[in-house]
Amino acid sequence: MKPYLLAAYNQMRFGLRRLFRCHSFDFATVELLGRDTRLSFSKTSQVRFGGHLVSDGRLVIVTGQNARLTVGERTYFNEGTMISCLESVSIGAGCRFGPNVKVFDNDHKFSARDGVSQEHETTPITIGNHCWLGANVIILRGSKIGDNCVIGAGCVVKGTIPAGSLVTQSRTLDIRPVQDEEKS
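Quick note on numbering: the working numbering labels position 123 of the sequence shown as 144, and the sequence is numbered without any gaps.
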């Protein structure tokens, strides 16, 4: 779809979403979010998209009751990005999300006696300006990522990452030959 047609389509779609679904949905004039973008906003959530957002492929964003989601201008979402915001997610300007990045400010409550509950525990997430989250990164509740950080592919982040950090997780491959069991 041509960029100007996509922008017009999103303006109409977002306007209707603000009118009928999320009254606190604020967005800039041009949004290049693909047609298979899925937005599920609660009426009481507060959502703000900065200008010049781009998504290549499927983007899923879900907000809960009274949740606050802010996405800064010139942010790019690659295929398969998902944001689950039940309390607060703030993403700075100029961020880049690789394929299949997941952001969750919530976990299901669980216990050994009762198992997994439908209730959630939430803690806000903040991602600073000009951050790059590589493919398959998962950001868990309570994470605070400073400005100008690079989070390497496959990292699972929970906690505070200082500004200007390069984050990777060490993994080792255990490679050994297949050995047939001896028959007795």
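Worth double-checking, as some hints may not be accurate.
Cut-off 30 angstroms, straight-line C-alpha distance, at most; resulting in silico cross-link-like pairs (DSSO-like, lysine-lysine) [as the list claims (entries may be wrong)]:
| # | residue 1 | residue 2 |
| --- | --- | --- |
| 1 | K64 | K123 |
| 2 | K165 | K179 |
| 3 | K64 | K130 |
| 4 | K130 | K179 |
| 5 | K165 | K130 |
| 6 | K179 | K64 |
| 7 | K165 | K123 |
| 8 | K179 | K123 |
| 9 | K64 | K165 |
Cβ pair distances, simulated, as ranges [stated by the list, open to error]:
| # | residue 1 | residue 2 | range |
| --- | --- | --- | --- |
| 10 | I196 | G72 | 29 to 37 angstroms |
| 11 | I196 | A156 | 18 to 26 angstroms |
| 12 | N169 | I196 | 31 to 39 angstroms |
| 13 | Q200 | N169 | 22 to 30 angstroms |
| 14 | N87 | F131 | 33 to 41 angstroms |
| 15 | E203 | A174 | 35 to 43 angstroms |
| 16 | V177 | S132 | 20 to 28 angstroms |
| 17 | E140 | K165 | 22 to 30 angstroms |
| 18 | P183 | G136 | 31 to 39 angstroms |
| 19 | R56 | Q200 | 28 to 36 angstroms |
| 20 | N87 | L187 | 32 to 40 angstroms |
| 21 | N87 | R59 | 41 to 49 angstroms |
Derived by calculation from the structure, the hints in this document are not laboratory data.
Positions of the beta carbon are idealized from the N, C-alpha and C atoms, including for glycine.
Okay, the hints, checked on the actual structure:
no.	hint	result
1	K64 to K123	holds (23 angstroms)
2	K165 to K179	holds (8 angstroms)
3	K64 to K130	holds (24 angstroms)
4	K130 to K179	holds (17 angstroms)
5	K165 to K130	holds (22 angstroms)
6	K179 to K64	holds (29 angstroms)
7	K165 to K123	holds (15 angstroms)
8	K179 to K123	holds (12 angstroms)
9	K64 to K165	holds (27 angstroms)
10	I196 to G72: 29 to 37 angstroms	violated (48 angstroms)
11	I196 to A156: 18 to 26 angstroms	holds (23 angstroms)
12	N169 to I196: 31 to 39 angstroms	holds (36 angstroms)
13	Q200 to N169: 22 to 30 angstroms	violated (48 angstroms)
14	N87 to F131: 33 to 41 angstroms	violated (23 angstroms)
15	E203 to A174: 35 to 43 angstroms	holds (41 angstroms)
16	V177 to S132: 20 to 28 angstroms	holds (23 angstroms)
17	E140 to K165: 22 to 30 angstroms	holds (24 angstroms)
18	P183 to G136: 31 to 39 angstroms	holds (37 angstroms)
19	R56 to Q200: 28 to 36 angstroms	violated (52 angstroms)
20	N87 to L187: 32 to 40 angstroms	holds (35 angstroms)
21	N87 to R59: 41 to 49 angstroms	violated (21 angstroms)
In terms of the numbered hints stated before, the structure departs from hints 10, 13, 14, 19 and 21, listed from lowest to highest.
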